[in-house]
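K.L.:
All chains should be built: construct the whole structure from the sequences, respecting the hints.
Protein chains in written order, with our numbering: chain U, 1 to 196; chain H, 1001 to 1249.
Because the hints were derived from the structure by calculation, they are not lab data. Treat the hints with caution; some may be incorrect.
Unchecked claim - Within a straight-line C-alpha distance of at most 20 Å, the following computed DMTMM-like cross-link-like pairs (lysine to aspartate or glutamate) qualify:
hint	chain 1	residue 1	chain 2	residue 2
1	H	Lys-1010	U	Glu-51
2	U	Lys-60	H	Asp-1005
3	H	Lys-1002	U	Glu-56
4	H	Lys-1105	U	Glu-51
5	H	Lys-1198	H	Asp-1057
6	H	Lys-1099	U	Glu-161
7	H	Lys-1002	U	Asp-52
8	H	Lys-1006	U	Glu-51
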Amino acid sequence: MAKKPQTHTDQALVQLSLENADHFAALVDRYEKKLFRYIRRLSGLDEQSIEDILQESFIKIYTHLNNFDTDLKFSTWAYRITHNETVNYLRKNKRVITLPLETDDEETGRLIDVLKSEIDLEEEAKHKELVDRIHKAIHMLPKNYREVLILRYIEDLDYQEISDILKMPMGTVATTLNRAKKKFKQIAEKNHFFSE
Amino acid sequence: MKLSDKILEKIKKENVTPKPRWYFVLMHFLLGMAVFISMVVGSLAVAIVIRNFNLTDWELAHQITGGRIKSVVVVLPYLWLAFIGLVILIADRLFIHTKKGHRVKPWIIAMGTILGSIVLGTGFYYSKLDQPIENILREHVQIYKEWEIKKHEIFASPDHGVLAGKIIKIDPKNEWLIVDFKGKEWFINIQNAELKFKGEPELYMMVGIMGEKIDDSHFEAHHIRLWKKTFLLPPMPLNGELMPPPPAF
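P.N.:
Set out below in structure tokens:
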């Protein structure tokens, strides 16, 4: 009996998609939400724009399936394409980033945990409000800082994956991340995001 | 409607297909070739710089400028150095876009391209691969020709005790007539001069002279050496006649 598409590995699905486009649906289903959230965090755009970018990203992934480097994880490659599509979209449309209305408590929580040791958080601070503030602080960061911070602490990717997505050496990722954290702290302190 | 359904519908409706594997293989090959070509071009430029340095008469340069560092600053082939810098930068940028290029630290790429260019350039220098390129530039590219003339004009500096140019007349009474790199004619008294080259002086020989300016058309030579650098002095009218092209050194 043939395996269900959902049980195939990413690499197997890539091969199957090259033979039959229908199998590509399984890859889309698998990464749709993750990439949607990534675009939203990176761009702060409205839902319709995010969907447009996501659709274009998946079409590009499909047309470039033969260029998929099996040394990379499929997710890393998909993130890279989506990242580039988002950046291109923002460049073309010269859109001002708007703050995302939705927040994701669970995943942003990881960033809070990481930064907790560096920022004097009041334990009783309302979590939802804190998450909003973190998003605000992230979106006040320069683009390159925002990218690494989101990829590392919200998408929970390792340095090698970030290096492959942003096409920069791991050392540069580490340096940028350190600077991003410092800048994030500065912004947070200056705006009293965590001191109330 | 699910996103995957929308995407599949678009793929089928617009007949979107994955680009063939050979297309990407070709793209990666072209990128690799571009890196390689940049390296080769940069290395040829390095070979030209080495040749320029090697053929420069540093003693004359030193005499004109009054210092070793100053002479290097004056003689440096800035155009080529800028070109090498640009080509190395291009090779760097292209390399980053290769499959795993981004994983290499920028300074390692930079050092690699610089060292690679120096090693390859030294090889080109010894195999004289750079010479035809520079000759073509000298003969056919006006800007390059003018730049070369400007560089040589530095050595027409009688006030600093240096004259370089071509012998156009040899007088048996120990006097030569030379035309310097600025096209001015000089009578050179060689009575007390030391010839620092083997063989007899010949017409159209290019020489570098250290000595003393006597007046606006006379110069007393102390040391005379062969001018090692190739310099295609344009044919100049001489006593109403057109000089034959100079022999290549």
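K.L.:
If a hint holds in the structure, say so; if it doesn't, say that too.
P.N.:
Outcome of the hint check:
{"no.": "1", "hint": "Lys-1010(H) with Glu-51(U)", "result": "holds, 14 Å"}
{"no.": "2", "hint": "Lys-60(U) with Asp-1005(H)", "result": "holds, 16 Å"}
{"no.": "3", "hint": "Lys-1002(H) with Glu-56(U)", "result": "holds, 15 Å"}
{"no.": "4", "hint": "Lys-1105(H) with Glu-51(U)", "result": "violated, 35 Å"}
{"no.": "5", "hint": "Lys-1198(H) with Asp-1057(H)", "result": "holds, 17 Å"}
{"no.": "6", "hint": "Lys-1099(H) with Glu-161(U)", "result": "holds, 14 Å"}
{"no.": "7", "hint": "Lys-1002(H) with Asp-52(U)", "result": "holds, 13 Å"}
{"no.": "8", "hint": "Lys-1006(H) with Glu-51(U)", "result": "holds, 11 Å"}
In the structure shown, a violation is registered for the earlier hint numbered 4 alone.
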